[in-house]
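Enquirer: One line per chain: the protein sequences are A and B, in this order. At position 171 of the first sequence the residue is numbered 171 (full-length UniProt numbering), and the sequence of numbers has no breaks. At position 9 of the second sequence the residue is numbered 9 (full-length UniProt numbering), and the sequence of numbers has no breaks.
What the hints contain is simulated information worked out from the structure, not anything from laboratory work. Ideal Cβ positions, reconstructed from N, Cα and C, are used throughout, including at glycine. Certain hints may be false.
If we take Cβ atoms under 8 angstroms as the criterion, some of the chain B residues that face chain A in the derived model are [to be verified]: (1) 206; (2) 209; (3) 232; (4) 235; (5) 249; (6) 271; (7) 310; (8) 313; (9) 314; (10) 316.
Output of the computed footprint for chain B on chain A, the stretches with three or more beta carbons under 8 angstroms from beta carbons of chain B [claimed, not checked]: (11) 57-69; (12) 95-101; (13) 196-202; (14) 277-283.
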Amino acid sequence: MKPARRQMADYGLAAALLVVLAALMLLSPAFRDPANLIGIGRQVAILGIAAAAMTFVILAGEIDLSVGAVASAAAVVTAIALAEGYGIWALPIGLAVGAGFGLLNGLLVVYVAIPSFIATLVSFFIAQGVALTLTGGRTILFDAEWFRQLFATGVFAGNRAAFWWLLAVALLMWWLLARTRFGANIYALGGDAESAGMLGLPVARLRLAIFTLTGALMGLVGMILIARIGNARADGAIGLEFDAIAAAVIGGTRLGGGAGSMPRTMLGVALIGILNNGLAILNIDFNTQQVIKGVLVIAVVLIDRWARGGREVPE
Amino acid sequence: MTVSIRFAWRLVAAFAAATSLMTATSAIAQESCLGTAEALNLTDAQAAEIAARDLTFGFLTNNISDDFSRTLVAGAETYAAEIGVELIVNNADFDANTQLSQFDALVQRGVDGIFLTAVDAGSIGQAVRRANQAGIAVFIVGGAPARGDVISVMNAASYQGSYDATAALMAEIGVPNAQIAILGIPFALQTIRDREKGVLDAVGASGGQIISLQSDFSQDRLLELAANVIQANPDLAGIVATWSLAVNAATEAVEQSGRDILIAGYDSEVPGYMELHSGDTNIVALSGQQAALQGRAAIEGLAQSILGAELCEEIITPNLLVTAENYAEMWAIQYPGVTPPWAE
């Protein structure tokens, strides 16, 4: 590969992000306002955490279509717990709901041998049903300012809590993936599950851990969501799965598994967040926004693929 | 040449006369049809006759995940039970294909009438035709189906409701050239267009200007959009939110911004009522659809049709203008029999 092309492969996505950023900064004074740029960090918190979790799942050669419904169910249960006066206990309850659904996904995939596409679709329906049953279609209100401050609205070191949660999760997931045996095993599992098993990797435990971790993170996403908007609905995070998959794939994560990285997924998240923010500030209507985002994203992906010339995303 | 002109003139005159006759006939027909929720009310004798007929109605709702749909279902169920009609309720959960299957199942079962809030009025037409062939009356909320005949289409007063709420907002702002943003939903439905037109007309009438129109389906994304619009427009005076989640998002975004931006909204659900109850809110007025009234009117409309009455093509139910001064009174009208959230 030519040096220029190699440079493009390594830094093309970041360069594309900078070009989009620069264009929006030139077009809109309001966009380049530092307060707005800082605000983008909290606006992508939910998507960022979901995309980080999805990167783990995809790297392992699996898919999780239940993340939006699980986050919604965890959000509803947490809101009810807060409204019923459970206080701090609402946090482990919400996380447990998410982790529980994640464990269910893992058990279905590992021990019932159902493909993750189907298993997580089953969980999607169950989680949605649970959330609808619990809410009866109503919006759940709760009064817990401490909770909202802790997960979303509180300001720490110049940014909102939601952004710091994203940063913490992204760093943790990057460390797990790039610096631990657990992460190396995930790459091996996604690269070739059969060989990974023959090499003695604990494939079943790995899959269980990945799905359970993803579920627990969806519990966290549910909590950040209701802390941000101040109430909970059964359909609060439905559709999140597609945005999370999109962010991971834009970041170069191979849908078949085994290739991708956390920093690049975060670049994908940033690209989506910056486009959402900038296009809204330019007052471009919803339909046109969708077209512009689609065209820009496919352009970035194609340029990135051309630059890599078939080479996989570096770890 | 003269003959041709005379002939053409007679043709025009004949066409004009025919048009006048048709208009007059239509006006007479409109006068004789039942065109309001009140007009649909059953007398005691009619209710007794319906009870004696042992009827079954089907109710297909496009979802039950919002307060409007839940209240609509509750209104229909309560009144159906009151007059001894069995009501079968199916939820399509926004899936047009599911709703088609549910519709066909009701036709197959031979129910006496079907009431629906369509997921997609365009795709339900063939099913409505099958109901027509089976002699089953169909009553719809929202928009008329592309094919088939319905006894009537019921709608909330979308235009007037959003006009009134926006007019209240503009009066409260009280400044010429006030900058207003609209936060909406990207559905290409007539009711949404009517709501937006109501906002545009009310803002235009008071000399204000619309500086932004943003929309989305999710409350989290609407919160982002509202925050971005507030951030980008330092002179923004008001936000008009044209559906329930946009009201919640606008309220939250204004609160988080710390700015004194006033809000008007279409839809008045629990979070909006709680805001008004709090006594410390930027919401000036909310336009509330009377879902319970619509649910009852739907049952009465089907019953009236079975008893031989003719319903007008469209039945409009008036909206309520909910403010900090009248919210308790409006709750009792909008959600009859439901304990207010501030009293729980």
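Enquirer: Now tell me, hint by hint, if it's right for this structure.
Expert: Verification of the supplied hints:
1. 206: Since the shortest Cβ distance to chain A is 21 angstroms, the answer is violated.
2. 209: With a minimum Cβ separation of about 13 angstroms from chain A (threshold 8 angstroms), the hint on residue 209 (chain B) is violated.
3. 232: Check passed: Cβ of residue 232 (chain B) comes within 3 angstroms of chain A, closer than 8 angstroms.
4. 235: violated, 12 angstroms
5. 249: holds, 7 angstroms
6. 271: With a closest approach of 6 angstroms, the residue 271 (chain B) hint holds.
7. 310: violated, 34 angstroms
8. 313: Not OK, violated: residue 313 (chain B) not within 8 angstroms of chain A, min 30 angstroms.
9. 314: violated, 27 angstroms
10. 316: Not OK, violated: residue 316 (chain B) not within 8 angstroms of chain A, min 25 angstroms.
11. 57-69: violated (count 0)
12. 95-101: violated (count 0)
13. 196-202: Violated, because only 0 residues of the stretch 196-202 of chain A bring their Cβ atoms closer than 8 angstroms to Cβ atoms of chain B.
14. 277-283: Held - the stretch 277-283 of chain A has 4 residues with a Cβ nearer than 8 angstroms to chain B, which meets the minimum of three.
The earlier numbered hints that this structure contradicts are 1, 2, 4, 7, 8, 9, 10, 11, 12, 13.
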